[in-house]
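Respectively, the protein sequence lines represent chains A and B.
Going left to right, the first sequence walks through residues 0 to 207 as numbering that gives the first Met the number 0 numbers them.
Going left to right, the second sequence walks through residues 0 to 416 as numbering that gives the first Met the number 0 numbers them.
A portion of the hints provided could be inaccurate.
Stated by the list, open to error - Pair by pair, the computed Cβ-Cβ distance ranges are:
#1 A:Q59 x B:I49: 37 to 45 Å
#2 A:N57 x B:A242: 45 to 53 Å
#3 B:N387 x A:V141: 28 to 36 Å
#4 A:Y150 x B:P297: 44 to 52 Å
#5 B:E400 x A:Y147: 29 to 37 Å
#6 A:D104 x B:A84: 53 to 61 Å
#7 A:Y25 x B:S68: 48 to 56 Å
#8 A:Q59 x B:P124: 25 to 33 Å
#9 B:G336 x A:V141: 52 to 60 Å
#10 A:Q59 x B:G283: 28 to 36 Å
#11 A:P24 x B:I49: 51 to 59 Å
As the list claims (entries may be wrong) - Under the rule of at most 20 Å between Cα atoms (straight-line distance), these lysine to aspartate or glutamate pairs were calculated in the DMTMM-like manner:
#12 B:K368 x A:D75
#13 B:K344 x B:D211
#14 A:K13 x A:D36
#15 A:K86 x B:E341
By construction, these hints were calculated from the structure, which means they are not laboratory data.
C-beta: ideal position from N, C-alpha, C; glycine also.
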Amino acid sequence: MTKRDQSAAKENIKLEYQAILNLIPYGSRVLDLGCGDGELLSLLVERKGVQGRGIEINEQAIYKCVSRGLSVSHQDIDAGLTEYGDKSFDYVILNQSLQQVVNLDLVLKESMRVGRKVIVGFPNFAYYKARLQMFISGRTPVTKSLPYMWYDTPNLHFLSISDFIEYCREKKFNIEKTVFLDRNRRVRLFPNLFAQVGILLLSNRGVS
Amino acid sequence: MGIPQGVEPLWRGHGGVPHSPHNSPQEWGVRGVERAIFGRMTLQSKGVGIVETKYFTFAHPPDELALESGERLGPVTLAYETYGALNSEKSNAVLVFHALSGDAHAAGFHLEDNNPGWWDSMIGPGKAFDTEKYFIICSNVVGGCKGSTGPSSLNPKTNKPYGLDFPLITIKDMTNAQAHLIRHLGIEKLLCVTGGSMGGMQALQWVASFPDRVRSAIPIATTAKHSPQQIAFNEVGRQAIMADPDWNGGNYYDRVPPDRGLAVARMIGHITYMSDASMEEKFGRRVKDEGQNMKSPPDFEVEGYLQYRGNHFVKRFDANSYLYITKALDRFDQAGGKGLHEVLKPARDTKFLVIAFKSDWLYPAYQSKEIVKACKLANLDVTYCEINSTYGHDAFLVEIEEQSHLIKHFLSRVYGD
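Using the sequences and the hints, build the whole thing.
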């Protein structure tokens, strides 16, 4: 990765977080599934005054979260969210974690149960650069949002924005808002081709 | 084949756990290599220095302590130690509970004793429980034999040791007694209650009994109810004691105590405090001495270790107390058939930090996760970490760095609230 790419990637991360911050009203109750080192969650606590909780499977990441003063659980979200009652959170966030869980169906279903709304952010496998790499070189794509080699990736699911929208339709999830991002800008036209990251705000049908 | 007492054990040179669990390093006899280790630790990290155990006596008749069994006990003495200073708002007090065989001496050194308290690496200036910020109290339990009223204490009615006339005690009785001590110290609300193993159960019980008198709890390597496996190991220990003819129905205070039985009970305990991996690392298949001949094959180091532990334990612990306290552990069931979250619900503002250890098979992580689940269902603020350690249940006394990190940050969040 070149220096320029790195700074751009950094920019992109901020944009992603900013997009999520924009989706969440002040003072909400938020559960961040796969919260990593807690960067997003602590932004939400600081800037949006949310009551934040996180779940993370990586022990070292837990230590970072705790030093940020967050309440986090060292657990595997694949095991479900049985310890939370229905609608115990206003927002459940699955940012860059959905593609890494085994039981994607279960995790999403559980998220929709414990949260009034669910925010999902994931890398778009159908990004045009990924398509070109596949088409031209015949290789598994490696992009900024999908930076791993095929033999060393935490990602278990490779999905495009269109895939996920179709999935939501099948599952009868209501898509309330969408934000599509390229490196450092929002993508409004042909997101499935030009966006690296898709962020969707979901709710159950009938919940506004 | 038994290990001769007083022989310098060979395994000491093999490293392993310097500061051993369950609890005091006293029994390890800190000499030689270990003294060097402790000496260095003490130089590197400032400790709380010289401390002494204090005693608080209350529940004088007719105001005896009402026990869960319905019986009354009094007067009751609790041995305790304190480290650091209580602030003017009395808002910085942390109550530390010890494990099965621990005592009030959690940190620092007693005069003319080279052994630090059992959690000295966690309590002191700049440590996890920072004595420059917090006022730490550690109290012995009722039923114990380390300065508090227990089966070996004199029964005022007969002027003889209680023995088996001592009433059955529970974890709740222990915390009820400690509540008197905390009040005596002038503290209305504790900043934190914490402890590992049985200490963790007391922490949970404190929250359930006095939800308005505690701002946070750190239960470590513990459970909200003893499992059949945990009860089973304790029962073997108890049977070993009671099978010793010297036990004599609990009446041995004027004669030879049931040392063999108690030593075997302790040996079983130690097996459960370690893990397959930690035993492999610590002992392997090494033998203590080269075997002279096949008639008396050499002892494996692990055998010598257990015997040494057992033999030293009997010098500092009362067999009847072991029976009473293990019974209290086994009877512990915080929720008692209800949902644990229902029990924790009144502790609305109590923040939790729950810590478990990966290789702890005596108090497995799933038991800690049940506590976490209950906290979440009760809508409490809870943080949970399963620390990757090979030390088994002993880890809560050994894995200092990770625990300190978690506890320091957690406590300062609670304190700063």
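- Any hints from earlier that this structure breaks? Give me their numbers in increasing order, please. Of the numbered hints given earlier, the structure breaks none, since each of them holds.
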